[in-house]
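Here the protein sequences come in this chain order: A and B. If you read the first sequence in the working numbering, its first letter stands for residue 260, the second for the next number, and so on. If you read the second sequence in the working numbering, its first letter stands for residue 71, the second for the next number, and so on.
Where hints are given, some of them may not hold.
Computed spacing ranges between beta-carbons, pair by pair [unchecked claim]: (1) B:G230 - A:I474: 34 to 40 Å; (2) B:E209 - A:Y284: 29 to 35 Å; (3) A:R525 - B:Q164: 18 to 24 Å; (4) A:V509 - B:I202: 38 to 44 Å; (5) B:Q244 - A:L266: 48 to 54 Å; (6) A:V432 - B:V107: 49 to 55 Å; (7) B:Q164 - A:S404: 41 to 47 Å.
Simulated from the structure, these hints should not be mistaken for lab results. Heads up, the beta-carbon is just placed ideally off N, CA and C, and yes, glycines get one too.
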Amino acid sequence: MNSLKHLPRRIFAFVARDFRLYVSYRMQFFLRIMSVLAVVTTFFFMSKISSGFIDPQYAEWRDPLPTWLTGLAVLNYFMTGFSSLANSIRQEQMQGTLESVLLTPINIPTVIVASSAWDFLETTFFSFLYLFFGWVFFGVQFRGSFLLAIVFLLLTTIVLACLGILSASFAMVFKRGDPFGIFLGAGSALFSGVFFPTQLLKQYAGPKLGSISQILPATHGLKGIRQVLIEGHTLSQVTQPLFVLLGFLVVLLPFSLWVFSRAVRRAKREGSLIQY
Amino acid sequence: MTIVRELAISINNLSKTYPVPFRRLRAFFRRPVKEPVEALRKVTFDVYGGEIFGLIGRNGAGKTTLTKIVATLVQPTRGTVTVHNNDSVLDDEQVRKQIGLATAEERSFYWRLTGEQNLMFFARLHGLSDRIAKQRIRELFGKLELEEVARRRFGEMSTGNKQRLAVARAMLSQPPVLLLDEPTRSLDPLAAARMRELISSLGKQDPPVTILLTSHNLAEVETLCERVAIISRGRIRAIDTPQHLRSLTSKSEQVHVTVAGLNGTHESEKISFTRQSGDNQLDERLRDLQKRGARILDVAVERATLFDVLELYESSDTDKH
Numbered sequence: 260m261n262s263l264k265h266l267p268r269r270i271f272a273f274v275a276r277d278f279r280l281y282v283s284y285r286m287q288f289f290l291r292i293m294s295v296l297a298v299v300t301t302f303f304f305m306s307k308i309s310s311g312f313i314d315p316q317y318a319e320w321r322d323p324l325p326t327w328l329t330g331l332a333v334l335n336y337f338m339t340g341f342s343s344l345a346n347s348i349r350q351e352q353m354q355g356t357l358e359s360v361l362l363t364p365i366n367i368p369t370v371i372v373a374s375s376a377w378d379f380l381e382t383t384f385f386s387f388l389y390l391f392f393g394w395v396f397f398g399v400q401f402r403g404s405f406l407l408a409i410v411f412l413l414l415t416t417i418v419l420a421c422l423g424i425l426s427a428s429f430a431m432v433f434k435r436g437d438p439f440g441i442f443l444g445a446g447s448a449l450f451s452g453v454f455f456p457t458q459l460l461k462q463y464a465g466p467k468l469g470s471i472s473q474i475l476p477a478t479h480g481l482k483g484i485r486q487v488l489i490e491g492h493t494l495s496q497v498t499q500p501l502f503v504l505l506g507f508l509v510v511l512l513p514f515s516l517w518v519f520s521r522a523v524r525r526a527k528r529e530g531s532l533i534q535y
Numbered sequence: 071m072t073i074v075r076e077l078a079i080s081i082n083n084l085s086k087t088y089p090v091p092f093r094r095l096r097a098f099f100r101r102p103v104k105e106p107v108e109a110l111r112k113v114t115f116d117v118y119g120g121e122i123f124g125l126i127g128r129n130g131a132g133k134t135t136l137t138k139i140v141a142t143l144v145q146p147t148r149g150t151v152t153v154h155n156n157d158s159v160l161d162d163e164q165v166r167k168q169i170g171l172a173t174a175e176e177r178s179f180y181w182r183l184t185g186e187q188n189l190m191f192f193a194r195l196h197g198l199s200d201r202i203a204k205q206r207i208r209e210l211f212g213k214l215e216l217e218e219v220a221r222r223r224f225g226e227m228s229t230g231n232k233q234r235l236a237v238a239r240a241m242l243s244q245p246p247v248l249l250l251d252e253p254t255r256s257l258d259p260l261a262a263a264r265m266r267e268l269i270s271s272l273g274k275q276d277p278p279v280t281i282l283l284t285s286h287n288l289a290e291v292e293t294l295c296e297r298v299a300i301i302s303r304g305r306i307r308a309i310d311t312p313q314h315l316r317s318l319t320s321k322s323e324q325v326h327v328t329v330a331g332l333n334g335t336h337e338s339e340k341i342s343f344t345r346q347s348g349d350n351q352l353d354e355r356l357r358d359l360q361k362r363g364a365r366i367l368d369v370a371v372e373r374a375t376l377f378d379v380l381e382l383y384e385s386s387d388t389d390k391h
C-alpha cells in the first residue's frame, strides 16, 4: 500500500533522471527527428510506386502509406515495450547503479515500471511524429476513435512489456544474449504485418510459417489499431483482437513478474547484481 | 543506573557461500568447475543503538559480503540478519528504510548528472518530497563541504568529493543505521579528519545513529569504534573494545622517557623500560627521576596496535591452512 502511494513519485524520479541524462546529449534529439522525417518521406515515395490491394480481405492495405506509417509508429512502440525493460536493467548493471537503486526502499516491480517510463514517453513522442509528419507533409488522413486506438496501443504495450520483463530476467541472470529481443525484434517486423499483410506469409510461405504471426501479440495489436485508425471500426467490431490481447495479458503478466522476482533472488544469491 | 541499549543490528549464525552459476550444467558438459566460494562462516554478533562498530580484516576476508547482506543486496546461505527487528530477507524493504550504505564504489552514481541531481534522484526514491529533499541535500552539502561542487557533474568531481557524495547519499533519508565502507579512503588528511569528526558526532546525536564501519585504516577504527570485530577467512575471530583487543597481543608496553638535568648534566637523555599496562611502574619511575633532579621532557608509550592484533590472527589462520 505504501509502495503504491510512492509509485508516482518514484516514476517521476526516474523520468526526471532520464530526461536530464537525455538532454545532456542534445544533438541526438534533433538527429532522431530528422531521421523520422527521412523515413516518412522514403515511405511516401515507395507508396507512389506501389498500387496497394483492391481485394477486400486486405482492406487496411488499400492505400499503403497510412498502413506503413501506423505500422512504423506502432512497431517503434512495441519494440520499446519488450526491449526497454531489459535495456534499462542492463544499463543500470553496466553503469553499476543498480545496487544503489535497489538499496532504496523500492520494490522490484516499481524498478521495472519506473526505470523504463522515460523510454515510453520518448517513444510516444517519436511514434506520434510518424503520424504527424504523414499528416502535415503528405496529407495522410486517419479516422476512427483515437481513444480506442490508444487502448489497443496500451494493451499491446503492456503485453509486450511482460515479454520485456522476461527479457530483463534473462539479462539479470545471463547478463548478455537475450533470446526474447532477437525473436521479437526480428519476428515482429517480419511476422506482425508491419510492412505487408500477414496473409501474404501464408500464401507464399505456407500455413505453418504463416501461423507464426498469430502467436505474436504485436500482430493482434497492430490489426486492432489499423482497423480503428484506417478503417474507422468501432469497439464492437474489434472485439476479436481485443480479447486475444487480454488473453495474452492474463497469462503473461503474473508469469513474467514471478520469473523476474526469481531472477533477482538468484542474482542476490550469487552476489552478481552489479555484474554484467 | 544501567542504560539498556537497543539492539540495532543482530547477526546470527550467518554463512554465505557464493554458488558457481550453472555448476551442474558445466559438469555435465565436462567443463572445468570452480569450487563455490565460502565468504562467511557462522558469523554471529550484535551491534547496539548508537554504537560505532568496526569491522577489520584483510582483502577478501568477508567484510564487503557481510555489509552487503546487512544491506539486503546479497542473500545469506544460512543464518539471519535483523536490523531493528526486521529480517533482511523477509522484510528487506523495511530494512532498506533503516539503513544507508556508503561504499567507495564510484560507479554507483550517474556520471553525467551533477552531485545535486544525483542526490535528488535518490531522495525521491526514498519518498522525500522535493522541498524536504532540497533542504536535506543543502544541509548535507554543508556538513560534508560539498557546496562548491554541488552543480558539477559527478564525472568531473575529484575522487575525494565522489566519496563524500556517497556518504551524503547514505545519510539522505536520515537512517538510524549507517554502513560505511572505508569512508576516508580517498580523502586528504584534513578532509579525513573532518569525516571522522562527523562519524563520531553521529553516534552522539539524538537519536543516535548506529554505524557499522569497515576500514583498512586501523588507527581510524581504534579512534572511532567502541567495539571492533576481526574477521579473517569469513570467520569472526574476536570482538571486543580496541583496548582489550590490543591487550590480547601483549599486556606489556614500551615506555620511552626523555629527561634533562639528570645527575647534574645539561644534556637530554632517553630512558626506556617495559611495563605491564596498568601497573605503578611509570608513576614510580617518573617520581624517582624527578627526585634525582631530572626535568621530564617527553614520555612516549609504544603499545600493541590493532595492526598487531590483526597480524596475530592472520598468522594463526595461515598456520592452520
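So, going through the hints one by one against the coordinates:
1. B:G230 - A:I474: 34 to 40 Å: violated, 56 Å
2. B:E209 - A:Y284: 29 to 35 Å: With a Cβ separation near 32 Å, B:E209 and A:Y284 satisfy 29 to 35 Å, so the hint holds.
3. A:R525 - B:Q164: 18 to 24 Å: holds, 22 Å
4. A:V509 - B:I202: 38 to 44 Å: Given range 38 to 44 Å: holds, Cβ gap about 41 Å.
5. B:Q244 - A:L266: 48 to 54 Å: The hint (48 to 54 Å, Cβ to Cβ) is violated, given that B:Q244 and A:L266 are roughly 22 Å apart.
6. A:V432 - B:V107: 49 to 55 Å: violated, 18 Å
7. B:Q164 - A:S404: 41 to 47 Å: Since the Cβ atoms of B:Q164 and A:S404 sit about 46 Å apart, the hinted range of 41 to 47 Å holds.
The structure does not agree with the numbered hints 1, 5, 6 stated previously, though it agrees with the rest.
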